[in-house]
Amino acid sequence: MPHADLRRIFGRKKKLASILVSLIEASGAPIGISDAGGTPLIGQVTGAASRYPIVLGGETLGWVAGGPPAQAMAGLIAHLIAKESETKSLAGEVLDRYRELNLLYTLSEKLAASLDVKAVADMALSEAGRLIASGAGAVMLLDGEQWEHVAAFGSIDFQSHVDLLGEIVSAGRADIVAPAGDEQRIECLVCAPLKARQQVIGVILLAAEASHTYTAGDLKLLIALAALVAPAIENASIFERAVREAREREARLQQRIHELHIELDAALQARQVAEITETDYFQHLQARARDLRKGARRGE
Amino acid sequence: MRMNPKILIVDDETHIRLLIEQTLEELADAGIDILTADNGEEALRLIQAERPRLVFLDVMMPRLNGFDVCRTVKRDLGMSDVYVVMLTAKGQGYDKRRGEEAGADVYMTKPFDPDELLEKARAVLGG
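For the record, the sequence lines run as chains A and B.
Residues in the first sequence are numbered from 1 upward in steps of one, following my numbering.
Residues in the second sequence are numbered from 1 upward in steps of one, following my numbering.
Hints are computed from structural coordinates only; laboratory data are not their basis.
Remember, it's a predicted structure, so these values are computed and weren't measured experimentally.
Don't be surprised by glycine CBs; every beta carbon is placed ideally from N, CA and C.
One or more hints might be untrue.
Simulated DEER-style distance windows between Cβ atoms [unchecked claim]:
{"hint": "1", "chain 1": "B", "residue 1": "R122", "chain 2": "A", "residue 2": "G217", "range": "22 to 32 Å"}
{"hint": "2", "chain 1": "B", "residue 1": "K96", "chain 2": "A", "residue 2": "I19", "range": "35 to 45 Å"}
{"hint": "3", "chain 1": "B", "residue 1": "E101", "chain 2": "A", "residue 2": "R130", "range": "32 to 42 Å"}
{"hint": "4", "chain 1": "A", "residue 1": "F153", "chain 2": "B", "residue 2": "M3", "range": "35 to 45 Å"}
{"hint": "5", "chain 1": "A", "residue 1": "E187", "chain 2": "B", "residue 2": "E101", "range": "52 to 62 Å"}
{"hint": "6", "chain 1": "B", "residue 1": "D29", "chain 2": "A", "residue 2": "G166", "range": "27 to 37 Å"}
{"hint": "7", "chain 1": "A", "residue 1": "V94", "chain 2": "B", "residue 2": "A123", "range": "16 to 26 Å"}
{"hint": "8", "chain 1": "B", "residue 1": "D29", "chain 2": "A", "residue 2": "I19", "range": "52 to 62 Å"}
{"hint": "9", "chain 1": "A", "residue 1": "R173", "chain 2": "B", "residue 2": "D29", "range": "38 to 48 Å"}
{"hint": "10", "chain 1": "A", "residue 1": "E25", "chain 2": "B", "residue 2": "E101", "range": "44 to 54 Å"}
{"hint": "11", "chain 1": "A", "residue 1": "G28", "chain 2": "B", "residue 2": "K96", "range": "48 to 58 Å"}
{"hint": "12", "chain 1": "A", "residue 1": "R244", "chain 2": "B", "residue 2": "H15", "range": "47 to 57 Å"}
If we strip away everything but chain A, and leave its shape as in the complex, we get:
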C-alpha cells in the first residue's frame, strides 16, 4: 500500500498545490508533476524531458518532468510529503490518546453517578470494548472462592477459565496472555485485576477477535480503566450491601412492631378488664351474684 497518494495530497493540501504552480511559473521552465502511474496532476511537459521520481520511504509516489529545476522540485515535494506524513502519523497517535482521555473523562463522570454494581461493570466493559478491539469481554467479581459474572459480551465463557482467573488474582497485575490449547480458541486475552483497598475484588478481561493481538497500549488503557472502575464497583457493592442490610433491619423492625402490638393489645385488654372488675359496683354485683347463688342452692 502506498504511503501517500499524490493526487489525494494535492486535493487536500490546496495551498501546497498552489505554491507548486507558482514555483513552476516562477521557474519559467516547462515542468509537469504526475502521479506514480504517469497521470498529469500539475502542469504538463510536451516532448522528451527528463523525469525525476518523488520518493518517500523507498516508494515512488510520482514524477516531476522537465528541465533542471524539476529534480530540485521532486526533492522538495518528497520532503514536504514526508513532513506531512509525519504530522499525520503524530496526529493519529494524539487522536488515539485523546480518545482514551475522553473515555476516562466521560467514564469517571458516569461512574460517579452510579451506585449499581452491574451498571458500573456494564459501563466499564462497553467503554473498554469501544477502544480496545475485542470479540468478547467480561467483568467478573470474586465472591469468596466463587467467580460471579457481572457483565459480559461475546460468546466466550470466561467462567471456565478459573485457572487463568486465579493466576490474575494471585499475580495481582494486568497482562496479555495467549491461553495454550484453549477449547474456545481464545488467541489473545488482555486482562487487568480490579483492585480496591489493596485487595483484588475481580477482573476485567477482553478477548481478541481472530488473529488480532493486543499491544502494550491496550494493556495500559485497560489498567487505567480498571483503576477507575474498581473503586466504583467497591463503592457500589458497599452501597448495595448497606441497602440490603437496611431493608433486612426494616423488615425485622416491622416484625417486632407487629409482635409488640399483639403484646400491647393483650396488656391493654387485661388492664381494661381489671379496671371494670376492680370497681365497687362490680364488686357489689359479684357479692350479689354469690348471695343469689347461695340462696338458690339453699332453696333446692
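Assemble chain B onto chain A, guided by the hints.
This is chain B only, laid out in the frame that chain A set:
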C-alpha cells in the same frame, strides 16, 4: 462546476485543529474540503469567502471569540444555513446559554468525543 462541501475548523490551538482534521479524515478522503483558521477574524473571512456547510468553532480565541463569530455569521450576515458547532472546555450552563443566544446549532465540550464529532459532521453533510 459543482463545489465540494466544506468544513471549517476554527481553534487557536494547533493540536486541536490537527485532532479535528484527523477525526474528519474519512470525510476528507470522500472529497469534503477541510479548511482551518486559528482566530475569529480569519474564520469570518473564510466563512464569507468559502461558505462552509459546517463550522467547528472554538469559544476562547484571540481577537474575536467564538460567540462573536457565531453571532455575526448567524445574525448580521444572515448565514443561517451554516451549521455551527461550538467547542469549548467550559461546560457551565452560562456558556451554553451564551452559545445558544449567539445562534450556535450545537454545543460540544472539550475533551470532545471524536466519534460523536465525526457522527455530527456526517449528519450535517447528509451522511
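Please name the hints from earlier in the document that this structure breaks, with their numbers sorted from lowest to highest.
6, 8
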